Amino acid sequence: MSLPETVRITEIRRETRSISTFVLDAEIAQSEPGQFIMLWLPGLDEKPMSIACPSPLSVVVDRVGPFTMALHERRVGSLVGWRGPYGRGFRLAEEGPALLVSGGCGVGPMVYLAARASEQGIPTTVALGARSTAALPCASEFQALGANLVLATDDGSDGYHGYVTDAVRELGLIDARPTVYACGPEPMLVAVHRLCLEARIGGQISVERYMKCGFGICGQCALDGLLVCQDGPVFDVQELDGVRDFGHAHRSATGRRLPLR
Amino acid sequence: MSLPETVRITEIRRETRSISTFVLDAEIAQSEPGQFIMLWLPGLDEKPMSIACPSPLSVVVDRVGPFTMALHERRVGSLVGWRGPYGRGFRLAEEGPALLVSGGCGVGPMVYLAARASEQGIPTTVALGARSTAALPCASEFQALGANLVLATDDGSDGYHGYVTDAVRELGLIDARPTVYACGPEPMLVAVHRLCLEARIGGQISVERYMKCGFGICGQCALDGLLVCQDGPVFDVQELDGVRDFGHAHRSATGRRLPLR
Amino acid sequence: MGHVEHDKLDISTTLCGARLPNATVIASGILGLTHEVMVRVAKAGAGAVTTKSCSLNPRPGYPNPVVLDWGGGLINAVGLSNPGVEVMTEEIQAAKELLAPLGVPIIASIFADTIYGFGNIARFISEASPDLIEVNISCPNIDHRYQHMFAADPYVAGQVTRHVKRNTDIPILVKLSPNVTSIAAIAEAVVEAGADGITAINSLGPGLILDIETRHPVLAHGPGGVSGPAVRPIAVRCVQAICRAVDVPVLAVGGVMSGRDVVEMILVGATAVGIGTGVHYRGIDVFRQVCRELRDYMRRHEYRSLDDFRGTAAMPSL
Amino acid sequence: MGHVEHDKLDISTTLCGARLPNATVIASGILGLTHEVMVRVAKAGAGAVTTKSCSLNPRPGYPNPVVLDWGGGLINAVGLSNPGVEVMTEEIQAAKELLAPLGVPIIASIFADTIYGFGNIARFISEASPDLIEVNISCPNIDHRYQHMFAADPYVAGQVTRHVKRNTDIPILVKLSPNVTSIAAIAEAVVEAGADGITAINSLGPGLILDIETRHPVLAHGPGGVSGPAVRPIAVRCVQAICRAVDVPVLAVGGVMSGRDVVEMILVGATAVGIGTGVHYRGIDVFRQVCRELRDYMRRHEYRSLDDFRGTAAMPSL
Ligand SMILES: Cc1cc2nc3c(=O)[nH]c(=O)nc-3n(C[C@H](O)[C@H](O)[C@H](O)COP(=O)(O)OP(=O)(O)OC[C@H]3O[C@@H](n4cnc5c(N)ncnc54)[C@H](O)[C@@H]3O)c2cc1C
Ligand SMILES: Cc1cc2nc3c(=O)[nH]c(=O)nc-3n(C[C@H](O)[C@H](O)[C@H](O)COP(=O)(O)OP(=O)(O)OC[C@H]3O[C@@H](n4cnc5c(N)ncnc54)[C@H](O)[C@@H]3O)c2cc1C
Ligand SMILES: Cc1cc2nc3c(=O)[nH]c(=O)nc-3n(C[C@H](O)[C@H](O)[C@H](O)COP(=O)(O)O)c2cc1C
Ligand SMILES: Cc1cc2nc3c(=O)[nH]c(=O)nc-3n(C[C@H](O)[C@H](O)[C@H](O)COP(=O)(O)O)c2cc1C
Ligand code: FES
Ligand code: FES
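Protein chains in written order, with this note's numbering: chain A, 1 to 261; chain B, 1001 to 1261; chain C, 2001 to 2318; chain D, 3001 to 3318.
The shape of chain A in the complex, shown without the other chains:
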């Protein structure tokens, strides 16, 4: 059964100008970092959102369009629906350190993953990229979890000046041969993908595609022959090797293939 359960928003934490964390009056009994829920605004629409915390269920949402804007207008006490968890999440490698690479709104699942890594005593570095200081979300959460935090801003207003993937490379963050976990804009993911293959280190990458059902029925989220909602959203670097659409094309609500960005 996957009917949305409607629950109240119990807390809204502003992370940046456009990103907030929404805490719901719900718990997910079993989930993995990287899995997502479908978040429903009754009468409007329903969209995939990564689980940032399973209990209380929280999502970190960037205001980018009609749905996320409407969500940002909701107040504590508003009713929203959710169903899930869906998809395949990150599988934390037991050996070696973890390097979490996150850009933009890709931060949600990383908060959850960092918490899980911290629980398991895995030494963790979080490389967080954004346009500017003001757009860097959840930095304090990562610090509270004991992660080593590396910031990168496009405008150099904080941390490394430039792309987060360049920071990873130039600051030697892969020297310790960590397993890399990445979530964020696709160009960043492509860079991480290349990095992992070149350095021959393990990597897992969370990919976004347009979703309708969320559970492997509609075919809307196809990435070549892969279904992002069910086979992903997290893929091993190897699984994405040779995937034609990765970094190149996504599909609109009609199913039409469109070049990325």
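Certain hints may be false.
Cross-link-like lysine to aspartate or glutamate pairs, in silico, DMTMM-like; alpha carbons within 20 Å at most [unchecked claim]:
#: 1; chain 1: D; residue 1: Lys3043; chain 2: D; residue 2: Asp3285
#: 2; chain 1: C; residue 1: Lys2043; chain 2: B; residue 2: Asp1231
#: 3; chain 1: C; residue 1: Lys2043; chain 2: B; residue 2: Asp1155
Think of the hints as simulated: they come from the structure by calculation, not from any bench.
Note that the structure is predicted; figures quoted are calculated from it, not measured.
Assemble chains B, C and D with the ligands onto chain A, guided by the hints.
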């Protein structure tokens, strides 16, 4: 779910000229003596039959009309359907001896009950009534179970000459204040009912009424406000006290109330 | 505003003039054969009882199996067995007397195989003075001699309604079938013809289930009407479409198992809610349980009566 | 007679001239959007693949939720989203090439909002040379501007069929709706008009499910078509009625989850069997699993091919 399961008949044992035991390739995981199944002859009809043994599932069937006649024409290997168990069975009293009173085709549940009583080490007498010796079913089964067997025949060809209830009374079978369990023609049941009330001993009586659903939905098996298929077929003597239809009226397939016999 | 007291919650309703202590009704064909059992159902908490559909003459119905649980609900082809109007009249009279002190009304369900026949049976059954008459024009298991159900054609459905109205002063509910392309169009036709209210839905289909080992249908009749949880979304949609189309009370039936389901029906506009298959899943006690769940919902939402939320479902694109 | 060898069991079938290595087909609207995924489904064991229904122009469909699991199956109102015939033609061509070595045919599903439109889209899609064309005249979630589905009226259904036939040489299956009083009458009309085969059923209803806390329908569109286990008895009955009424192959769809369900459809006369919601319950691997279960049944009954038992259901009273 109550769809009939179709299974093969694995054995047919002739008990009397008109009564046979049919053994099916099926087991009932949990049941009580007195509970019944609905036995289906695909393309023909489906009728209630008491469980004579849960494993392998067996019924003892008297040839009285079209359905039972058709069943008696089936051979080992024929497919029949069954669903159940249904209803409320006998609840064996832990204290004191058991007296099983059975007439005609009421013998099926008694075989099961005697087996249960024997398992529990309850001293058991079985009073078995029929028209003549040739019509006395399952006598050897009861003996094999170690029950004290009292026979009664209408024509005196074996055992007590007369009704089985008179045998019970006159042979002092209730002197040890047993709990009485009865199944058979309704006039016999009425006599047992009266006997139990008069002697102030516990009694449980299995009643038959026309059944359609077998699970409390159609209302066809109504005995006053009781549903025989669900509240019965086994009732405590007390529950039947004051029941207007008991011994007096039953209902046909239309639901019309008709005088008994 | 504080919480509404549980016992101040009013779950009564008025259905075509009949006052129901609560909005639950036992559906026709479930336990409605004899007065003692109907009284037992009322005592178990039903707000109204409906008789098994009754015809002029007694009918034995089809051989068994006539109803089975197939996993998603029930499938039935009972063949409209009933003892005939003469016996049913007595049952209704006996029931009325015993139901009166409970304040529980009785609905007499009738059917016939001709338009005129419906008028006849309505006249006869009226002698028993049931509180309401439900006109069953929608049994999916009719003999194949009749090309269509009466409920499949707006004109025929209207004619049946007219004949019944001409033969009784008791308010009538016309019971509709979901096995049509537009149930709203049928509803409009029967209301136009004088129906005081509508009952919807009768069983869905018919459906067909085979035993693949013997290759026989599991029901003796072959196909059978489907009811229970599997039909609930269809029933809710039908009730919603009817409530939007016509202005008479609707007795909503189909797959109602819980207080949640009752609420759903009332949200789309139902006046009262029938329960059939729910009796199988939750026992005769289903009425009391459902009422408790309904009250829990009302308390949580601070509704004091069913009117506070009846028909308030948000319907985007209809 | 000894047991039939498992690998000698022939579960292939011929559907309007197209040879299917096994009788299972993925139903339209399930994973049939892109050629890579369709090829994956074929590799997972489907005997044929069907594309998502395609229209002349791209359609984004309704907002989410468009499909949900409600317990008895799925409810969907996708709004017939598709990338339009131009893109779909490319997808079909790409798929054909990759499916050919597997021996798996492709069925192109089409729809339009006018009778003439159906002819148009049939002409365009034929350029991709799909093995079969499935004409979807039966989506229950069409815009309310259209009073009826095309599948609700024998005349209109026949006219659509005629226009499609005039515009293509590829054999066509017409996909029918269960939301009519007599699906057999519609089947007769489309066969009379030239349909080479029939697909039945499309989703049931529509149904409606509310979230009682917010009082909103759970689907953004409001009502939605019901599929899955809850509709299987209805689908079996429809297929049985169609097979009795007309003499063309029937692709049976609706609630098929297991080999048992495939057998049931074949027993009432189906030539091939579609699976949609089953992919949700058992994964893409459902095709392989179902074929194994089908073979187990055939071995037990010593059937060597589907012809050995097709249409052999005992139907008492129909
Ligand atoms: C698995 C997954 C997890 C996600 N997790 C998060 C998260 O934790 N936080 C967050 O802020 N965002 C997340 N997103 C992205 C989020 O779903 C979109 O930002 C949101 O749908 C935008 O909707 P909109 O109406 O606000 O903007 P729009 O203007 O409609 O769209 C903006 C962008 O979002 C994408 N988008 C729109 N609708 C969908 C859809 N139905 N499915 C997928 N993408 C869509 C569009 O392709 C477009 O690129 C996730 C997406 C996926 C696929
Ligand atoms: C709970 C219960 C347990 C039973 N157990 C046994 C048993 O173990 N062995 C056995 O031989 N018989 C048993 N019976 C009786 C058996 O069901 C009938 O003998 C059988 O239905 C007769 O069918 P027929 O077509 O052969 O005869 P018919 O000529 O149709 O009927 C003969 C008699 O059986 C009764 N009967 C017919 N149909 C039904 C029905 N659907 N439900 C109930 N009674 C019916 C009639 O009232 C009539 O008195 C039981 C009945 C009930 C209610
Ligand atoms: C065994 C059975 C018998 C029925 N008999 C009748 C009947 O006689 N008259 C009638 O109008 N409806 C009859 N129905 C239909 C129910 O009244 C009801 O409309 C239908 O079952 C849907 O409701 P439910 O899902 O709550 O059962 C019958 C249903 C069942 C299951
Ligand atoms: C999400 C979803 C989308 C569907 N889209 C289409 C469609 O585009 N065209 C069509 O003819 N049928 C469509 N259907 C109906 C299915 O093809 C099928 O007829 C129906 O679901 C019944 O089969 P099932 O129970 O196996 O799912 C869709 C069904 C679902 C669940
Ligand atoms: S979103 Fe529907 S298959 Fe992935
Ligand atoms: S046989 Fe149907 S209620 Fe007892």
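For each hint, the structure was consulted:
no., hint, verdict
1, Lys3043(D) / Asp3285(D), "holds, 9 Å"
2, Lys2043(C) / Asp1231(B), "holds, 16 Å"
3, Lys2043(C) / Asp1155(B), "violated, 49 Å"
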